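Protein chains in written order, with the UniProt record's numbering: chain A, 1 to 305; chain B, 1 to 326.
Be careful, since some hints might not be right.
Unchecked claim - Here are the simulated BS3-like pairs of lysine-lysine, each with C-alpha atoms no more than 27 Å apart in a straight line:
{"no.": "1", "chain 1": "A", "residue 1": "Lys27", "chain 2": "B", "residue 2": "Lys314"}
{"no.": "2", "chain 1": "B", "residue 1": "Lys33", "chain 2": "B", "residue 2": "Lys131"}
{"no.": "3", "chain 1": "A", "residue 1": "Lys27", "chain 2": "B", "residue 2": "Lys131"}
{"no.": "4", "chain 1": "B", "residue 1": "Lys131", "chain 2": "A", "residue 2": "Lys129"}
{"no.": "5", "chain 1": "A", "residue 1": "Lys27", "chain 2": "B", "residue 2": "Lys231"}
{"no.": "6", "chain 1": "B", "residue 1": "Lys131", "chain 2": "B", "residue 2": "Lys231"}
{"no.": "7", "chain 1": "A", "residue 1": "Lys127", "chain 2": "B", "residue 2": "Lys126"}
Derived from the structure by calculation, the hints contain no laboratory data. Keep in mind it's a predicted model, so treat the numbers as computed, not measured.
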Amino acid sequence: MLSSLMAAVGSESTVVPDEMRLTADGKELVYQLLWRSVLILVLIFAIFPVWMMFTTSFKTRDEVLQLGLDIIPADPYVQNYFLMFQRFPLVDYYVNSLIISSVTTVLSLFIGGLAAYSLSRYEFPGKEKFEMGALATQMIPGVLILIPMFLLFIVMDQSANVPMKDTYHGMIFLYTTFTVPFTIWMLRGYFDTIPTALEEAARIDGCTRTQALFRVVMPLAAPGLAATGMFVFLLAFNEVLFASVLATDNVTPFSIGIQNFQQQDQTMWGQMMAASTLAAVPLLAIFVVFQRQIVSGLTSGSVKQ
Amino acid sequence: MLLSAYQRVRRRLPAVHIPYVSSLPASQRFGLKLIAPALAMMLLVHGIPVILGFVMSFYEFPSLRYTDWFRPETFVGLDHFAKVFQKDTIYGAQFWNSLKVTILYTVGSVVGTYVLGLVTALTLDKQFRGKLVARTVILIPYVTPVVVTLLTWRMMFRSDTGVINALLRQAGLIEGSLFWLLGPNSLYAIIIANVWRNFPYAAIMLYAGLQSVPEQLYEAAEIDGAGRWGKLRYVTLPQLKPVSAVILLLLILWTFINFPVPYILLGGSPSESGNVLMLLIYSFGFKQSAYGIGSALSAMLFLFSMTIAYVYYKRVVASSYDGGAI
Numbered sequence: 001m002l003s004s005l006m007a008a009v010g011s012e013s014t015v016v017p018d019e020m021r022l023t024a025d026g027k028e029l030v031y032q033l034l035w036r037s038v039l040i041l042v043l044i045f046a047i048f049p050v051w052m053m054f055t056t057s058f059k060t061r062d063e064v065l066q067l068g069l070d071i072i073p074a075d076p077y078v079q080n081y082f083l084m085f086q087r088f089p090l091v092d093y094y095v096n097s098l099i100i101s102s103v104t105t106v107l108s109l110f111i112g113g114l115a116a117y118s119l120s121r122y123e124f125p126g127k128e129k130f131e132m133g134a135l136a137t138q139m140i141p142g143v144l145i146l147i148p149m150f151l152l153f154i155v156m157d158q159s160a161n162v163p164m165k166d167t168y169h170g171m172i173f174l175y176t177t178f179t180v181p182f183t184i185w186m187l188r189g190y191f192d193t194i195p196t197a198l199e200e201a202a203r204i205d206g207c208t209r210t211q212a213l214f215r216v217v218m219p220l221a222a223p224g225l226a227a228t229g230m231f232v233f234l235l236a237f238n239e240v241l242f243a244s245v246l247a248t249d250n251v252t253p254f255s256i257g258i259q260n261f262q263q264q265d266q267t268m269w270g271q272m273m274a275a276s277t278l279a280a281v282p283l284l285a286i287f288v289v290f291q292r293q294i295v296s297g298l299t300s301g302s303v304k305q
Numbered sequence: 001m002l003l004s005a006y007q008r009v010r011r012r013l014p015a016v017h018i019p020y021v022s023s024l025p026a027s028q029r030f031g032l033k034l035i036a037p038a039l040a041m042m043l044l045v046h047g048i049p050v051i052l053g054f055v056m057s058f059y060e061f062p063s064l065r066y067t068d069w070f071r072p073e074t075f076v077g078l079d080h081f082a083k084v085f086q087k088d089t090i091y092g093a094q095f096w097n098s099l100k101v102t103i104l105y106t107v108g109s110v111v112g113t114y115v116l117g118l119v120t121a122l123t124l125d126k127q128f129r130g131k132l133v134a135r136t137v138i139l140i141p142y143v144t145p146v147v148v149t150l151l152t153w154r155m156m157f158r159s160d161t162g163v164i165n166a167l168l169r170q171a172g173l174i175e176g177s178l179f180w181l182l183g184p185n186s187l188y189a190i191i192i193a194n195v196w197r198n199f200p201y202a203a204i205m206l207y208a209g210l211q212s213v214p215e216q217l218y219e220a221a222e223i224d225g226a227g228r229w230g231k232l233r234y235v236t237l238p239q240l241k242p243v244s245a246v247i248l249l250l251l252i253l254w255t256f257i258n259f260p261v262p263y264i265l266l267g268g269s270p271s272e273s274g275n276v277l278m279l280l281i282y283s284f285g286f287k288q289s290a291y292g293i294g295s296a297l298s299a300m301l302f303l304f305s306m307t308i309a310y311v312y313y314k315r316v317v318a319s320s321y322d323g324g325a326i
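Please work from the sequences and hints to get the whole structure.
The structure is reproduced here in structure tokens:
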């Protein structure tokens, strides 16, 4: 099969006159050029929108509306970074997002970490069902939960006098639960790579199971926790479906608030992109610092080495 | 510190006796204890609302006092489902259109993401200087907040002054302007943005898969006379099958129930060709207060995605892990 395929490829190239044929070195060169240019195209595609966001944040209104391809603004207009705060309570949006996302991250890592450790180390009845259940939650369309949740929140407020809608704790509770299955999935891969011998040694030295987990395993899993934490933070930061219905007024997060720059008659693109850049830069910085852990965390779950 | 505080409290509490669970060995009980909080939260936030959602799809919601829906006179049985399936009702027409759009959106996005991811992974797998930089740049779409990047895409897709139309004009591909966010092109707009967003994930996963292909297989293929294409076709791609199965499953599910991409690019009331099911349900539920229809549609969407996942898992993922080369 393989050899016949090779033969077919070989015979095809006889059409090319001998002197036009590429030498082995020439072929190699063409091949090198080809994959390198493909890689460069992919890199440009990957970075282009982020670059556009960055440069647009330095453009005046007129410049943004001008037709054209000025990829680098000739005369940076930093005013956008100051004006944007006057238009909407952007600082509040940032703070709201920060509170909701960071508390969610801590809780999700804690609760998901416990469950991931349990799945990685212990056998218990119903383990498989729990795993399947956690996986199944990822297939639930958000709106299926949102409609009943919206009504439940209102009912809780009206009949039990527990405010849930438009509160930090309501959003944190929801987001923590949404991200726990993801945390379990990612951290389980990490725990699997930590040798059990260490815990066994700790147990022989008189640690309880809980102590072995928190004093021995958790510190070793710190890089994994950092990487998972970043994704949980991103998930919470990016959420728009639940936030658009359940988090308005005083707890409006950044992901909803920033859309205010877009209005019926006009959009303040320059200021919107300035606000976007300000939100993206810290996360990109964290990513660059932790990228080794993030990449290995992303891949550890589903690639069998 | 927290740990010792927990243990101090713990010692004072009386021993709890739960039938069955208490009879298990200590290690099993510990395992159960660790998953208990996660399980409880998932039951509360996923379990109960999903069941409620299914129940709600059998009821009609009085438009003003919608919290009073759980009453005998508002029970409508399968009416909502029937309405949705009939092509001649207003709901039915929208549903069938949205189903078609959602499937096109999913297929287009998944194929695009996978192919671009594979090409990226193959080029990353070579030896070259600046590899770490390239990998970092490729992951940028995946780690930049999605709201922010989608708004940027929205800006780039503008018809009059958007950079994409400007580029296309420059290249001589179009004259005048294309409408990307309105009309028939909105499907392509959400597919492009979604591919951009997800291809780094596919690329990094496939790249990790490439690392784990045993070198001996390539050597053996070389001895058999395989060239570059032969190695790719007969060694690399079959070896990537298990990881591809997982990636494709995740991509299908993520796209099928994806909300932010269509919502931020096209807004709450998109044109027909971009009206995916998630947007349709959202507008039924929160624009038209048709909670019953909204619940019925989302219940169906859930069953549909569960079915896809189950069939796919049984057919592809399970078989490629058991019988695969890894």
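Problem set entry | Those earlier numbered hints the structure runs against, lowest number first | 1, 2, 4, 7
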